[in-house]
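Number of protein chains: 2
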Amino acid sequence: MQPIITVMLNPVLDQTLYLDRLRPGAVNEADNGQVYPGGQGVNIARGLADWGVPVIATGVLGTENAAPFAALFAAKGISNRFVLQEGSCRSTVKLVDRTSGLTTEVNQPGQPIQPDAYAACLWQIDRLCQPGSLVVLTGSLPPGLPDDTYAWLIARLALHESRVALACGGQALMQAIGGLPLPFCINPNRQELAQAVGQALPEVRDVLHAALHWHRNGVAQIVVSLARSGALFVAEGKAWHAQAHGMIGDGDALLAGWLAAQHQRRDIEDAMRLALACSTGMLGIVGSHSPATSTVRDLAREVRLTRLPA
Amino acid sequence: MQPIITVMLNPVLDQTLYLDRLRPGAVNEADNGQVYPGGQGVNIARGLADWGVPVIATGVLGTENAAPFAALFAAKGISNRFVLQEGSCRSTVKLVDRTSGLTTEVNQPGQPIQPDAYAACLWQIDRLCQPGSLVVLTGSLPPGLPDDTYAWLIARLALHESRVALACGGQALMQAIGGLPLPFCINPNRQELAQAVGQALPEVRDVLHAALHWHRNGVAQIVVSLARSGALFVAEGKAWHAQAHGMIGDGDALLAGWLAAQHQRRDIEDAMRLALACSTGMLGIVGSHSPATSTVRDLAREVRLTRLPA
Chain A
-6 MQPIITVMLN
4 PVLDQTLYLD
14 RLRPGAVNEA
24 DNGQVYPGGQ
34 GVNIARGLAD
44 WGVPVIATGV
54 LGTENAAPFA
64 ALFAAKGISN
74 RFVLQEGSCR
84 STVKLVDRTS
94 GLTTEVNQPG
104 QPIQPDAYAA
114 CLWQIDRLCQ
124 PGSLVVLTGS
134 LPPGLPDDTY
144 AWLIARLALH
154 ESRVALACGG
164 QALMQAIGGL
174 PLPFCINPNR
184 QELAQAVGQA
194 LPEVRDVLHA
204 ALHWHRNGVA
214 QIVVSLARSG
224 ALFVAEGKAW
234 HAQAHGMIGD
244 GDALLAGWLA
254 AQHQRRDIED
264 AMRLALACST
274 GMLGIVGSHS
284 PATSTVRDLA
294 REVRLTRLPA
Chain B
-6 MQPIITVMLN
4 PVLDQTLYLD
14 RLRPGAVNEA
24 DNGQVYPGGQ
34 GVNIARGLAD
44 WGVPVIATGV
54 LGTENAAPFA
64 ALFAAKGISN
74 RFVLQEGSCR
84 STVKLVDRTS
94 GLTTEVNQPG
104 QPIQPDAYAA
114 CLWQIDRLCQ
124 PGSLVVLTGS
134 LPPGLPDDTY
144 AWLIARLALH
154 ESRVALACGG
164 QALMQAIGGL
174 PLPFCINPNR
184 QELAQAVGQA
194 LPEVRDVLHA
204 ALHWHRNGVA
214 QIVVSLARSG
224 ALFVAEGKAW
234 HAQAHGMIGD
244 GDALLAGWLA
254 AQHQRRDIED
264 AMRLALACST
274 GMLGIVGSHS
284 PATSTVRDLA
294 REVRLTRLPA
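The listed protein sequences derive, respectively, from chains A and B.
Per my numbering, the very first residue in the first sequence carries number -6; after that it's consecutive.
Per my numbering, the very first residue in the second sequence carries number -6; after that it's consecutive.
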């Protein structure tokens, strides 16, 4: 099987700290925190690998905190083709207050990408891609790269006859679906899709219309997570509303399940079932784990699929 | 010159994040944070090295975030004899709210020390120590080591005819000064000294009496930081109250300056001047830097020394 190539230009280390009560402006004592490689690219690569898909991961990491990423990739059998640059990648700090149950999250934009690291990363991608390769471009862009970076990468990958699944929102998504060539697959959430079409999408049928618009424009697959309402899929000129018992807590696991099933030549309905099962199964899981295979199989059976008019 | 050996069993990475306004329970955006190796041991080793003293640093670090420590030691010319264990050392998160000016700090106890890493660290210390060596034992103890760890290490180092400067508070300090052999030098702050003697020390003369008690018991040098009121020194049967224009913001720099000056065979009065200058000069400095040499020289001249009855 040809590996799926995941690209992450701005990875993140997720640091979770548990406190009895967070007192702002004071010195707080926490339990020992957990530090996990995170960000959309890592989550998707891990989800794919956990479902038996061969994965190559590339992008740019900082020398100072690359070790946890390398350890995770080694543990999951993900081929590590990351380029290193000086410094460290950004981290996200999550402070969990046990008394209030609230989590205070602090995010950072990330370090600027260095030109030589970016050039080396592009060289890796060129070298890894073959006709028919699936390349997943993921996450926010680091400072120093313009909003049309993914649009430009999609054009470059088209020259390799590779297909792109794009997992990002905001301006980077809008630029990528505003020109040609288009990505093969996009997976915005409802808010990101609404932003891209410039109007609110309160009902599932509003989401459907927006997704069909991009599908008719040439985006082969569209996967939209709808949180409590499940997910909407558009592919092969058809559309489905898929609902599970749990909430779509993890859009990255949703996409990973969807791509993994197709990579294993399962049909579209099986792919939707696995996608929702992977996503809802992630609820309550902390760290670099996927739910047990048996759990996901059980969850997949319970997914309800509704054909929508396309 | 014989190097000073600094031992840190529970190092810490200091992570500082700047926010416009911290909203607890929400997702916050911060500027890119700064991550610096910290903790008493690193600060003292760095302060000594910045004043031209040869330093060997040992202790235990986690493989996952050892890189910033290694980079700092290399940059400062500190000989790195750290033992690595799996995992990562603890980090301190500081969230600086630009609107309120308040800093929210979240600390962790640190990872348990692994028996083989501890054994390897003890072997390093045994190998490095020579008769007359000065060994600085620093900071809180990691989970897994008992409160009498420093007391036991002081006894072990006495067999090598080495002297110990002890930079810690709490139970570890009380155990170390409650038996024999005693450390050569201690540098509690006012609260730690009060805790050790079991009573409040509101006036400088109260601090003096407590310090003289330990000095008469056999602790050769006692350095107490008094925050806004400067510092109190007891050595060679004499006592001084040293005051500077600035506040004693940094007890680690105070001890580093004190030990560095003596290592360079300056007299006690010069050592006190350098200690206060190093400490007050650190105010407002973020990261792994010491104040400029010229700044410290200027500050040292302005220190007022008052002999106290001993």
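FYI, nobody ran anything at the bench for these hints, they're computed from the structure.
Where hints are given, some of them may not hold.
[Said to hold, decoys possible] Result set (SDA-like, lysine to any residue): computed pairs, CA atoms no more than 25 Å apart in a straight line:
{"id": "1", "chain 1": "B", "residue 1": "69", "chain 2": "A", "residue 2": "177"}
{"id": "2", "chain 1": "A", "residue 1": "87", "chain 2": "B", "residue 2": "87"}
{"id": "3", "chain 1": "A", "residue 1": "69", "chain 2": "B", "residue 2": "87"}
{"id": "4", "chain 1": "A", "residue 1": "87", "chain 2": "B", "residue 2": "257"}
{"id": "5", "chain 1": "A", "residue 1": "231", "chain 2": "B", "residue 2": "13"}
{"id": "6", "chain 1": "A", "residue 1": "87", "chain 2": "B", "residue 2": "69"}
{"id": "7", "chain 1": "A", "residue 1": "87", "chain 2": "B", "residue 2": "12"}
{"id": "8", "chain 1": "B", "residue 1": "87", "chain 2": "A", "residue 2": "94"}
{"id": "9", "chain 1": "B", "residue 1": "87", "chain 2": "A", "residue 2": "279"}
{"id": "10", "chain 1": "A", "residue 1": "87", "chain 2": "B", "residue 2": "45"}
{"id": "11", "chain 1": "A", "residue 1": "87", "chain 2": "B", "residue 2": "104"}
{"id": "12", "chain 1": "A", "residue 1": "231", "chain 2": "B", "residue 2": "105"}
{"id": "13", "chain 1": "B", "residue 1": "87", "chain 2": "A", "residue 2": "20"}
{"id": "14", "chain 1": "B", "residue 1": "87", "chain 2": "A", "residue 2": "25"}
{"id": "15", "chain 1": "B", "residue 1": "87", "chain 2": "A", "residue 2": "68"}
{"id": "16", "chain 1": "A", "residue 1": "231", "chain 2": "B", "residue 2": "96"}
{"id": "17", "chain 1": "B", "residue 1": "87", "chain 2": "A", "residue 2": "230"}
{"id": "18", "chain 1": "A", "residue 1": "87", "chain 2": "B", "residue 2": "96"}
{"id": "19", "chain 1": "A", "residue 1": "87", "chain 2": "B", "residue 2": "98"}
{"id": "20", "chain 1": "B", "residue 1": "69", "chain 2": "A", "residue 2": "90"}
{"id": "21", "chain 1": "B", "residue 1": "87", "chain 2": "A", "residue 2": "24"}
{"id": "22", "chain 1": "B", "residue 1": "69", "chain 2": "A", "residue 2": "80"}
{"id": "23", "chain 1": "B", "residue 1": "69", "chain 2": "A", "residue 2": "279"}
Numbers of unmet hints, in rising order: 1, 3, 4, 5, 6, 10, 12, 15, 16, 17, 20 and 23
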